[in-house]
Each structure stands twice: as structure tokens, then as C-alpha cells.
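*Asks:* Next come the chains, spelled out residue by residue.
2 protein chains.
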Amino acid sequence: MIFTAQVKVMPLKELLDPQGKAVMGGLANLGLSGIQDVRIGKNISLQIEATTADAAKQIAEEAAKKLLSNQVMEMFEITIG
Amino acid sequence: MIFTAQVKVMPLKELLDPQGKAVMGGLANLGLSGIQDVRIGKNISLQIEATTADAAKQIAEEAAKKLLSNQVMEMFEITIG
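Protein sequences appear in the order of chains A and B.
At position 40 of the first sequence the residue is numbered 40 (this note's numbering), and the sequence of numbers has no breaks.
At position 24 of the second sequence the residue is numbered 24 (this note's numbering), and the sequence of numbers has no breaks.
Quick caveat, the hints were computed from the structure, so don't treat them as lab data.
Ideal Cβ positions, reconstructed from N, Cα and C, are used throughout, including at glycine.
One or more of the hints may lead you astray.
27 Å max Cα-Cα, derived BS3-like pairs, lysine-lysine [as the list claims (entries may be wrong)]: (1) A:K65 x B:K21; (2) B:K65 x B:K42; (3) B:K8 x A:K8; (4) A:K65 x B:K57; (5) A:K8 x A:K42; (6) A:K8 x A:K66; (7) B:K57 x A:K66; (8) B:K65 x B:K13; (9) A:K65 x B:K42; (10) B:K57 x A:K42; (11) B:K57 x A:K13; (12) B:K8 x B:K42; (13) B:K42 x B:K21; (14) B:K13 x A:K57; (15) A:K57 x A:K8; (16) A:K8 x B:K13; (17) A:K8 x B:K66; (18) A:K57 x B:K66; (19) A:K21 x A:K8; (20) B:K65 x A:K42; (21) B:K8 x B:K66; (22) B:K13 x B:K57; (23) B:K8 x B:K65; (24) B:K66 x A:K13; (25) A:K65 x B:K8; (26) B:K13 x A:K65; (27) A:K13 x B:K42; (28) A:K42 x A:K65; (29) A:K13 x A:K66; (30) A:K57 x B:K42; (31) A:K21 x B:K65; (32) B:K13 x A:K13; (33) B:K57 x A:K8.
Stretches of chain A that chain B covers, calculated by requiring three or more beta carbons in the stretch to come under 8 Å of a beta carbon on chain B [unchecked claim]: (34) 1 to 14; (35) 18 to 27; (36) 38 to 44; (37) 57 to 65.
One chain only, chain A, in its complex shape (with noise of 0.2 Å):
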């Protein structure tokens, strides 16, 4: 059976995203207003086959581990669906 798994990559609360605060301004000069933090990681969408969900968040767990997420500076979420 073929399962699709998300795994969002964010990186740490603790630290800085340079990357984010570049957009935030982006979108002040662009006129929108009210947004007041802006952090931009990965969203990876793997299609594993395996024989039960359990078994492809296993998969989806361990390819985050090794090779998605720098977890020093990110942190992984993983969702069945």
C-alpha cells in the first residue's frame, strides 16, 4: 500500500531566520500589515509503500533523521495522510 507522508522541517524557535526576516520585511513594503513573525522551513512529500501507516511513519521518521532535517538547527514533524 502506498502511503503519502508529509515531514515539515522548521527551523529551531530558539534561533534566528534570517531568511524569515527578509520576507517579513518583503511584505511590509509590499502594504501588508499585521504580520508580525515570518519562519520559512521545508514541507517534503514522500510516498512510501509499506504495509501499514505505522511502518511508512517509521521510514518517514528515519529519512528525516538522516537526511531531511539538520536537527542541531531544525526540528521535523511527520503526518500520515
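Assemble chain B onto chain A, guided by the hints.
*Replies:* Quick look at chain B alone, frame taken from chain A:
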């Protein structure tokens, strides 16, 4: 009130995603089997000051259309939470 909007920006299904293909190759090289497709997009988290969730969603949508996504190549999804 402050709302958190998550803007998920992904490459359109009709288009190739060479970055995703490269990551798929990398995962195969690491010995992770069962991954059949990888697509990589962005996840942007916005802190929006607005009176209602609907108003916050509207601001996020305008931001996504004007700056955060390129609608020729990408689609976006907004969740307020």
C-alpha cells in the same frame, strides 16, 4: 489577537521536481527502501495580528499570492491554527 497561519507551498503536480528527485536518489543511497516519490516545497509560518481567524486567513492568502508563492509553478494551502 494573534493567529498562526501555516502556508504550505508545493510545486505543481504536473511539473518535475528535480530537487525532490535528487533527494530520492540520496535516500536510496542511504539504504532506505520503499520511497517511491519525493517532492519538496516550502512551509512558511506567519504570526498575524487580526481580529478574526477569517481576517488572518485573508492576510495570509494575500501574502501567499503576492510574495510567498509563484502561481505559475506552485500551489499553496493555508491552515490557521
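*Asks:* All hints are to be evaluated individually against the structure, with a verdict given for each.
*Replies:* Results for each hint:
| no. | hint | in the structure |
| --- | --- | --- |
| 1 | A:K65 x B:K21 | holds, 18 Å |
| 2 | B:K65 x B:K42 | holds, 14 Å |
| 3 | B:K8 x A:K8 | holds, 9 Å |
| 4 | A:K65 x B:K57 | violated, 32 Å |
| 5 | A:K8 x A:K42 | holds, 6 Å |
| 6 | A:K8 x A:K66 | holds, 15 Å |
| 7 | B:K57 x A:K66 | violated, 35 Å |
| 8 | B:K65 x B:K13 | holds, 18 Å |
| 9 | A:K65 x B:K42 | holds, 18 Å |
| 10 | B:K57 x A:K42 | holds, 20 Å |
| 11 | B:K57 x A:K13 | holds, 23 Å |
| 12 | B:K8 x B:K42 | holds, 6 Å |
| 13 | B:K42 x B:K21 | holds, 16 Å |
| 14 | B:K13 x A:K57 | holds, 23 Å |
| 15 | A:K57 x A:K8 | holds, 13 Å |
| 16 | A:K8 x B:K13 | holds, 19 Å |
| 17 | A:K8 x B:K66 | holds, 23 Å |
| 18 | A:K57 x B:K66 | violated, 35 Å |
| 19 | A:K21 x A:K8 | holds, 19 Å |
| 20 | B:K65 x A:K42 | holds, 18 Å |
| 21 | B:K8 x B:K66 | holds, 15 Å |
| 22 | B:K13 x B:K57 | holds, 24 Å |
| 23 | B:K8 x B:K65 | holds, 12 Å |
| 24 | B:K66 x A:K13 | holds, 26 Å |
| 25 | A:K65 x B:K8 | holds, 21 Å |
| 26 | B:K13 x A:K65 | holds, 26 Å |
| 27 | A:K13 x B:K42 | holds, 17 Å |
| 28 | A:K42 x A:K65 | holds, 14 Å |
| 29 | A:K13 x A:K66 | holds, 21 Å |
| 30 | A:K57 x B:K42 | holds, 20 Å |
| 31 | A:K21 x B:K65 | holds, 18 Å |
| 32 | B:K13 x A:K13 | violated, 31 Å |
| 33 | B:K57 x A:K8 | holds, 20 Å |
| 34 | 1 to 14 | holds (count 4) |
| 35 | 18 to 27 | holds (count 4) |
| 36 | 38 to 44 | holds (count 7) |
| 37 | 57 to 65 | holds (count 3) |
In terms of the numbered hints stated before, the structure departs from hints 4, 7, 18 and 32, listed from lowest to highest.
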